[in-house]
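Student: Mind assembling these two chains? They're in different frames, but the hints should get you there.
Below, each chain spelled out in residue letters.
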Amino acid sequence: MIRRAFADYPLVMLALLLSAYGIAIVYSAGQTNVPIPYIEGAWKRQLAWFLIAIVAAWFISKASVRFLEWVAVPAYVLGVLLLAITLIIGSGAGTAASMKGWITIAGVRIGQPAELAKVCVVLMLAKVLSGSRDAPRSLVDLWKPALVVLIPWILVMAQPDLGTGMVFIGIFFGMLFWTGVSARLLLLVASPAISLVLAFSTGLWGAWFLLLLAVVILYKPYVVEGVVLVVANVLMGVAAPLLWERLEPHQQARLLVFLDPSQDPRATGYHVIQSKIAIGSGGWLGKGYTLGTQKRLAFLPAQHTDFIFSVVGEELGFLGVTVALALFLALFWRAIRVATRASDSFSSLVAFGLIAGWFVHVAENVGMTLSLLPVTGIPLPFFSYGGSFMLACWISIGILVRISSEGRGIADAF
Amino acid sequence: MSFHPNEIQRRGRFARAIVGITVALLVGAFFRTQVLQNATYALKSEENRLREVPLPAPRGMIYDRHGLIIAENIPGYSVSILSPSPDSLRASLERLGAIVTLSDDAIESAVRRMRRDPNRPTVVLSDASFDQVSVLEEHRSEFPSLIIQASPKRYYPDGPVVSAFVGYTGEISESELNSASYDGYKSGQQIGRAGLEKQYEKELRGREGSRFVEVDARGRVVRESGARPDLLPVPARALKTHLDLDLQRYIASYFGDSLQGGVLAMEPTGEVLAVYSAPTFDPNRFIGGIPKDYWAELNADPRRPLYNKAIQGRYPPGSTFKLAMAAMALESGIVTLNDRMPAPCTGGYTFGTRRFKCWDHKGHGSLTLAQAIEKSCDVYFYQLGLRIGLTKLIAGGVDLDFRDRSGIDLPNESAPLWPYAVDYYNRLFGPRGWTNAVVLNLSIGQGENSQTVASMARFFTALATDGEAATPIIGDSPIKRSRLFTLDDEDMQGLRSALAGVVSGRGTAASAVVQGVTIGGKTGTAQNTHGADHAWFVGFAPVESPQIVISVMLEFGEHGSRAARAASKIIAHYLKRPAITPLNTEGE
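Top line first, the protein sequences correspond to chains S and Z.
So the first sequence is numbered by our numbering: it starts at 1 and just counts up by one.
So the second sequence is numbered by our numbering: it starts at 415 and just counts up by one.
So here's chain Z without its partners, still in its complex pose (with noise of 0.2 Å):
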């Protein structure tokens, strides 16, 4: 070695300087690392500890108008389990198996969410009974990774009577959360399915609260709280609707087991006091997943209680449509309500060929328009019908907005059925495959035109008032009314006391007359192909200033004063029930 102390000191320096360029270079990556890119490593550190458990929000409470319960929230449980990979969940999942039950289903759904959002804890069961949880509170040692939490549970006190516009809650499905329409929802969050839960989604929804878990390394829970501040969830605010449960509750007894039909009452102005559709189902026991026997057990059933017969079924309005006739015919002049048609009623009309009954085949003889609709009277319908026109006629179905949806705030409502114009019957026929006998049919409510309980009671509250129409509203939505027609009130009087001749001694309805209340309507008859006819009443009372229209069909109810009686109850029980006190609903 040469071993110089020059040579020695300055080998020295050169080793300190390479031992001092080294540490620099690592005291100067730990300042980038630590310093400059800490904000990045902090978070993944945060991302590693702690696992979000999503603290479900209570959605919003339903009321009444008078502040009755329809829809609140009861105490329930979820549990979930977190999870580093799919394989390791289906095995905690099969281990899980041996204590609770749960079915291959519900393992592969799980394992479904868990791929779709890795980082949740992956829901196993949504709504688990007290009996399960304590179970698993039991061998809570052997599953580090399970987290056991409240959630409240959707509950609808009054189940069976507020089914036909409530709808329900379950789970957001993997489709919805792919579209676009369900943005900022996470798998395993409930959704509303149904009614108005779906309709006022937005704002029933609550804001979702956190609480923050610390997990190790294989994902075991070693801090249930305090890891990070809780979140907290935001509940929603109450809906308060223009429902009246008392009423609600009226009809679904009234209807009972046997009547099946659709019912909407609602004031004058759009308020809706009921709707109802008969027979009904429980929707509390749609609530955290249907059980597959009630679903094919209502599915099952000929009467078909999932098909809202207010909002969805569609009939031929029968009767109940003259007073578009009328009104038609009054508005364009051709006729007063004074005015006969040339042929009187002999129980039959002859057209062409063809003879055209009336449904009396006594016969009513010459009657004025008022007392056409007293009577029903197909006979002087169908001359009115053929004065108007098919053209006019069918135009003014359109402009009287029998084409469209009553725009009630429900999802699902089915658009009535009438014809565009008279192309329709070329299309549908061939130009000269028709003749304008359809004019006839189309007079007296029957032919190419189907109305729901919801489009006929919208109809008739132009009546009720001066000529425009409320479109039916439950929630929060505003007040909607638009002109249908414009008659001078000498016109409105008639119409409305003829109406109220149905509901007397001398009209269709004679049986549905109630002491003390005139209520004025129109009992219908809706041909059916299928078995007996449908039953139809429309109408509103008091005549003198309306408070409730109301809007009754009764399948297979075979004739209308049997609907007009059903109505006239409900009318009844709606204007001469002592008075109830509201509730205070302002602190929810």
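Pulled out of the complex, with its shape left as it was, chain S reads as follows (with noise of 0.2 Å):
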């Protein structure tokens, strides 16, 4: 093995030019006409947490890859706890106020274990995939990783937090695929939920069943296991109606809106509104750095959270929108180049799993913002405002700088 004296550049570059890019657009969105201290003061302590975050992404470039597969178990025990603690103690905040997401201590938040929780079950989830030899190739041979995100999962759905539980399920599923499971059985292990959704349209269910049916028998997979899916299929449809019931109202009004963000322009489709609205008006070069008249006079909602992306395409145009965009790409591509490259099949896991995760992230925020996907409550990686999300970023960033210059192959420009 090869120990590299340099640490990835590029990679770091881009992680810096992403948090300059979202410290600035997180000061923009302070910049209002009626300034709101709380938000007015917010880049200040993004600028704090970055600086945090970075030092503590050293450290942990610092650490062996050996060291962090050695601390996965108990990290990940700590992050289910922590989650736990959060459901019984935890307080909501902001936009989020019915959601149980922040420990706050002494009226002091002290931050979303959420957030951290991402990173230890990805961990998690690779010291289990990359105990066994060969890639699961049967739904018995998944109980063990499935359960390794369920847990953490029915935590965060419980606070509730759609937008973590869709991050977990990112995860789940990119890290069964970059471990070699075959698209057949990522198609039957996602064909409950599949079913849960087209169970709205009796037709389309109709139609999904038999294809579904099909594919089992074509494939012949266990009878255990065909019978275990028909019959979870069924349920699902069956149940999706009741489940449907169980929502909370503010997730149902979600869904709906996103159908149709015009049926309540007033309130919940009020912000996909207002928030097309300010990306549209952007034009090609936007309409200032923080001159977007959305924002200033509180049409934006959320805008230095959720909605932060929706100031970059206001207030800098198609072109601050491609240049961000762009910077994702090129950090998801150099972050794959690192899983690739990795030395091992844990630490290549690993890489790729904290990919996956940041995707569902930058897909699902940027997504929300065009009304191209329901909104969830979900920040956008290095620029939305929040302390432990800054943290965990570059928390990644150190584990993906250390397997990248643990990993095969010389040292190369990017």
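If you are wondering where the hints come from, they were derived from the structure by calculation, not from laboratory data.
Any given hint could turn out to be false.
Cβ pair distances, simulated, as ranges [stated by the list, open to error]:
1) Z:434 to S:197: 21 to 27 Å
2) Z:520 to S:372: 47 to 53 Å
3) S:372 to Z:501: 50 to 56 Å
4) S:64 to Z:498: 57 to 63 Å
5) S:147 to Z:501: 32 to 38 Å
According to the in silico footprint, chain S covers these stretches of chain Z (three or more CB under 8 Å from chain S) [as the list claims (entries may be wrong)]:
6) 434-447
7) 618-630
8) 939-947
Quick reminder that beta carbons are idealized off the backbone N, C-alpha and C, glycines included.
Tutor: Given below as structure tokens:
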């Protein structure tokens, strides 16, 4: 094994650029006509967290991957425990006031354990998946990785935090894919969820069910597996309307409004409509840094957190959006490169799991600002205001840098 | 995990492709929203943040013929408020009510205005007093969505003197906004409500400008101006009228508080010099909403000040109609000015079994037509009417436009009453329910005949000129003349000298003689079943080359000579006053 002398500079540069871009937008988000002191000063706290995060990342990058592998189990247990505690003593904040996502001690919000739990889940899942020589070939083989994700997923969904739940699912499927699970098996695993969504239209669900039967018969899995799958799909089809009833009203509303934002322009649909107006009015070059009227005049909701990308769109226009997305694309590609060049399966899986999590964050957050995806409270990496999230992002960068430096091949230019 | 480098590379390529496609899709979606649909969203964003505050345009000035001001604009203030919803408007208004008094009515009508035009600032006080404005300015910070701005207010310097024709302005009503004739108007705007203000609304209305204020999501005004350049209001052009304010003032002072009736003075070619109706009211008090008590007071007044006696009031023309009889008879050749009737006047005339009295019970003896006009002998005209015959008499009246409005450029003119044909009597009384005696009544301007001051003035312009009647025109409408009858010069001269004889020592208006001016005209007394008779005088001066035609009607004036005295005073003032130097109004 060749130990590298240098860190993965392109990766670090991309993360630094994204962080700087993000802090600049957090500053702009605070520039409103009627200033809200908490948001106006957010950029200073974000900058402080950024510095802390860089130091943390530097320390993490000094830790061997073997250390990470060793720490995976305790970290995972700690993460799950924190999530459980959050559920009991957690408090809401800001636009997500009905959620129990924050740990607050003596009135001071310490952070969102869910952000750090994502990293823990990636480490744990990588440890479990890298433990066996071959990729899981059947549903039975999947029980361990599934359990690793299911426990924190349930705890997160109970908050309820739909966004983080989606990130866990993204990590789960991404890492199964990376470990070599066949597309057919992935489809079968995903099938109950697809049934759940399609159950609202009998015709669609029927077609999907026939397709699933064909796949099951064609690929001949174990009998038990096949039966379990078919039963699970039928159950989901039946259970969907019941589950719908169980959803929180704000979650129902978000899903309905996603289908048609104009049905409720004053309340839930308002966020999405105003976000689209902000972005659409930006044009090629935007209204100018800090000069977005939708943001300045408080038409744009959560402009420093969930809808921060709308500020980019409004003030810096299509150009600013393209630059941001290009930076993210470059970051992903560079991180995938890290995953492909990792020296062993554990580090490769860790790298790809982190990428999968980020990818869900970016796609969902950016997609919802344009109403391409339903609105869930999910932050944009390096941009959205939030200390623990910034910390989690940079810890991930630290881990990637370490994996990269332990990786195969010769250090090359970006 | 299967960790063969080739497989890893393959999965890496696949993952890169997924990420790349996703980012490409997102970039495409942003391109569509930001570049292709930019115009739509840019507009929505502007609609979000900008509120158009109307800048009312000053109405056009109204001048008299010498450039004196009849209507002008003085500085006023309007207070309006921006609200996201009717409920929040109501809440703001209730808080506002603690500072300036707002009636429940005012609050309700403001809410209605808002429902109608939610994006326009809702006018709360269209004519705020200086005190109200300064109190509100003090509390400005409590009402961030309040808009106080200068808005010109209509003012008539001569107030009650000009009330008969100038009208007033008021806020456009709900039903007017719905009607097609007020297309393009917005709630809260001022419109002409009566008189010239209404008649010339199109000309007097300026083009409203706009100021753009920036508001935040809660409707608070964050920037008063400069968010977008103002569109300045375009004031309307001034309306220059033919009116003579000096004469108008003289008439008003002559009438004072005691006389009641109507006057219309015009040039023989149609230019109206004065229109007056007494008793009068102050149109200035109507601006910005008529105070309830004033409205009640005007309506309760038995002398009906709101009823325009010059163009709306209809009265039997009495003896002034004898000129129509004479014109008809002369034109058809039934008589000449020197012809006498078979029966001399003995103070009355027996028709069938009934005796019809002459106004002078002493009798006038045998008279020519010219003399009969001077003396206003009823007996002569009874016989003249019988000679013309009912059918021709009614047709003649129709031809002389006695069924038509004068056409003066004022709204709400009443049409005079005159039978359309003999059939009128069949319908009114039944085919056998009436006798030829109606001819006798019609012949002396009584019976089924009611004329307005304006319609009689118009008829007399034909006598003052060559048989062509001029439509009275106040503003800048084109002059219109139409032929009523055709008489040769000799007959025209004869009629005029007969009319001059009326206002002479031997006529019925002997007391109205003015030194140095020969006035021609005819007195009339309209029988009034509700009280004392109404007095008429319609005439012109100087007889040799008429410069003014005047129609005066005094309610309960008892005898035409009183109206004649009023007319001669007005004529004398007009013809004998020192010349008035016109003021230059071109710059307005």
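Student: All hints are to be evaluated individually against the structure, with a verdict given for each.
Tutor: Comparing the hints with the structure gives:
1. Z:434 to S:197: 21 to 27 Å: holds (26 Å)
2. Z:520 to S:372: 47 to 53 Å: holds (49 Å)
3. S:372 to Z:501: 50 to 56 Å: violated (35 Å)
4. S:64 to Z:498: 57 to 63 Å: This hint holds: roughly 60 Å between Cβ atoms.
5. S:147 to Z:501: 32 to 38 Å: violated (53 Å)
6. 434-447: holds (count 9)
7. 618-630: holds (count 3)
8. 939-947: violated (count 0)
Of the numbered hints stated above, those contradicted by the structure are hints 3, 5, 8, listed in ascending order.
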